[in-house]
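The chain contents come next:
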Amino acid sequence: MTREQPGDEDVAFKRELTGVVSHLRAFARGLCGRPDLADDLVQETLLKAWAARDRFVPGTSMRAWTFVILRNAYLTEMRRNRFRGDYDETVADRILTAPPGQEGPLHLADMHRALMTLPAERREALLLVGAGGFSYEDAAEICGCAVGTIKSRVARARTALNAMIEEGNLPRRKSGHEDADAEIMRELESLPRGD
Amino acid sequence: MQPQSANVRLLAVAKKVGRARRPAGEQTSAQMAEDIAINPVPSRSPGRGKTQRHPDWAKGLRQLYDSVVEEPLPESFADLLAKLDAGSK
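Line by line, the protein sequences are chains A and B. Under my numbering, residues 3 to 197 are what the first sequence spells out, in order. Under my numbering, residues -10 to 78 are what the second sequence spells out, in order.
Honestly, the hints are just simulated from the structure, not real lab data. Where hints are given, some of them may not hold.
Covered stretches of chain B (chain A as the covering partner; in silico rule of three or more C-beta atoms under 8 Å from a C-beta of chain A) [stated by the list, open to error]: (1) 45 to 51; (2) 63 to 75.
FRET-style restraints, in silico, Cβ to Cβ [unchecked claim]: (3) V13(A) x D68(B): 14 to 22 Å; (4) A71(B) x P60(A): 29 to 37 Å; (5) A165(A) x D74(B): 21 to 29 Å; (6) A165(A) x A71(B): 24 to 32 Å; (7) L62(B) x A148(A): 31 to 39 Å; (8) A75(B) x M80(A): 26 to 34 Å; (9) P61(B) x R17(A): 26 to 34 Å; (10) D68(B) x A157(A): 36 to 44 Å; (11) E64(B) x G9(A): 22 to 30 Å; (12) E169(A) x D74(B): 51 to 59 Å.
C-beta: ideal position from N, C-alpha, C; glycine also.
Bound conformation, chain B alone:
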């Protein structure tokens, strides 16, 4: 289990972050990805090659994350969630 200090921090985190009343976060992730995509390279030339990749990595990072979010959940998770109730006898 969590040490006590971690529990206290957990509570604080949920409170503070919750206060921002941000929904699940998908909307903001787009903004944040834009935010960190520094120096959108002006030379987005038609030429193929490595330089063209640069502006895409922030989007790629988000896609990486979203690709997992959108995966169907393995059944083991449904099983585990179902057991949570049953386990609290």
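Only chain A is shown next, with the shape it has when bound in the complex:
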């Protein structure tokens, strides 16, 4: 592909792409639970989206379009087993402090921990609908499945969360040793990879 200068379309595309980066980060972090790996996924997504920009139809939803790319990248990584182990609780606790003014008794770190115990498909459905604000129909489009499937996944996810949070069955925080292990794993993961 030879392009001398970015054309108007590219400029517009990039502007829209830039506008959804923060949403991609939020979705990615909800999917894989680890800020560092999530950001890797988003970077990969941005590169893929840019490479495929000719196939984006202006006026359609950039957020939905890029979420599909992000999701595919995530699933590929899952298959490669890069997200072995768990999310990094040390980092999660540091980052997930409740914003000022939040009076609710539910700590965001608890929420995060509960979310990460859900099977990936249900977590994804809940993220799209409950956090991302997509309709069931849009979420089904993004996941490439039937609307009923999404509804079922969301229903199961919220039943599980209700059980965990209402009944106080939140997964326990890990011991210090495991935190240290997670820290080591994170260090390993953050080493430069030969891409």
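With chain A fixed as given, assemble chain B onto it according to the hints.
Showing chain B alone in chain A's frame:
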């Protein structure tokens, strides 16, 4: 790169979702969070404890997401976005 089928689906997704003409989604996320907050517990008693947490998880989920959305972007993203143009020589 994406396999062909994925590309086709990408296009379809963006079209269909775009047709709904929903803005970035922050407004609707509130509604949807309400929507999934089933059984808002009537017994929101002043008593502290686990039962009081229940109505908050849907809001918590949204806060979790929004807290990331509102984070300042790491510089690596600005760098990458800047390179996109330059890379298409």
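* For this structure, which hints from the list above don't hold up? -> Numbers 4, 5, 6, 9 - these are the hints that the structure violates, sorted from lowest upward.
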